Amino acid sequence: MIIRNREFDLANNTYVMGILNVTPDSFVDGGLHNTVDGAVSHALKMEAEGAAIIDIGGESTRPGHTAVSTGEELERVIPVIEAVRAVTDIPLSVDTTKAEVALAAIQAGADIVNTVEGAGMPADMAEVISRSNAYAVLTYEKSYVNRNVFCEALIRMAEQAEDYGIAGSRIIIDPGIGFGKTQEENLAVLNDLPFITQTGYPVLLGCSRKSFINYCMTANRLLRQYTAQAGGTYTEIPPAERLPGTIVSTTLAALAGVGIVRVHDVAQNIQAIRVLEAVCTASPTAGDQEETGRDGLYQH
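Numbering-wise, my numbering puts 105 at position 105 of the sequence shown, and it's gapless, one number per residue.
Among the hints, a few may not be true.
[As the list claims (entries may be wrong)] The following label-pair restraints were derived from C-beta to C-beta distances:
| # | residue 1 | residue 2 | range |
| --- | --- | --- | --- |
| 1 | I155 | N133 | 36 to 44 Å |
| 2 | N13 | T35 | 27 to 35 Å |
| 3 | T70 | S283 | 50 to 58 Å |
| 4 | F195 | A167 | 42 to 50 Å |
| 5 | T70 | N133 | 18 to 26 Å |
Quick caveat, the hints were computed from the structure, so don't treat them as lab data. These numbers were taken from a predicted model, which means no experiment stands behind them. Ideal placement from N, C-alpha and C gives every residue a C-beta, glycine not left out.
My request is simple: use the sequences and hints to build the entire structure.
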């Protein structure tokens, strides 16, 4: 896959997409980068840390978010895309559900349209993507039933986009952690990543600092027991403190063959991927290989 003259081998590598929210109300970094200068500075920082793509969004998709008008989203996003494009040729993605914003973003220099309305993508959005020859990240925003049904639904989502005229070679699927799913379903999707990556389409995973990480903590019986013994009650981990859980999800994604992870903390997640790659590609000595019969990452 070639995106803006950069080659991406999504079948054999895991790349990091850095999140650049130019919104006042995103659940992690709302208001931190919503000036053009601040956004450009953060984009260049993420690129220097190793991000392969920058994903720029002007409307929060967190639960309970306040919708913004097309005009307001355009005012937030387009000057940032233009300014970032003026200083770097890194591939840019626009995170939007609005066809008008997607079109303007592509004209300003974006290469990818990342929409959280993958299964329910409207025809006008599909038309913008197909006519521009942009890449599409399609998020599956519906519930999980079981592994087979879910994987089939992801394939149908991509095939529907192809029916709209989007080339299959330009489609990336996102199973949609946090979109239309219970916390238990989110965990089931993560457990099914090795099957999701076999659907025939490259996969992007977006887990960064999401609430399922806190759910994993509150659902832990031993944690509840120890907290109660200490005379307290467990309180929610704020998004800013969910980096360790994010890194676990990134590691799971890389092990499963996910091509792109979308994260807030670029350097830390890249470090996790590089360590995993080094372990997986380490060459055992002949004696060790004969004794264990393993090559690469050990199996339990």
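Quick rundown of the hints versus the structure:
no. : hint                    : verdict
1   : I155 - N133: 36 to 44 Å : violated, 22 Å
2   : N13 - T35: 27 to 35 Å   : holds, 33 Å
3   : T70 - S283: 50 to 58 Å  : holds, 54 Å
4   : F195 - A167: 42 to 50 Å : violated, 24 Å
5   : T70 - N133: 18 to 26 Å  : holds, 23 Å
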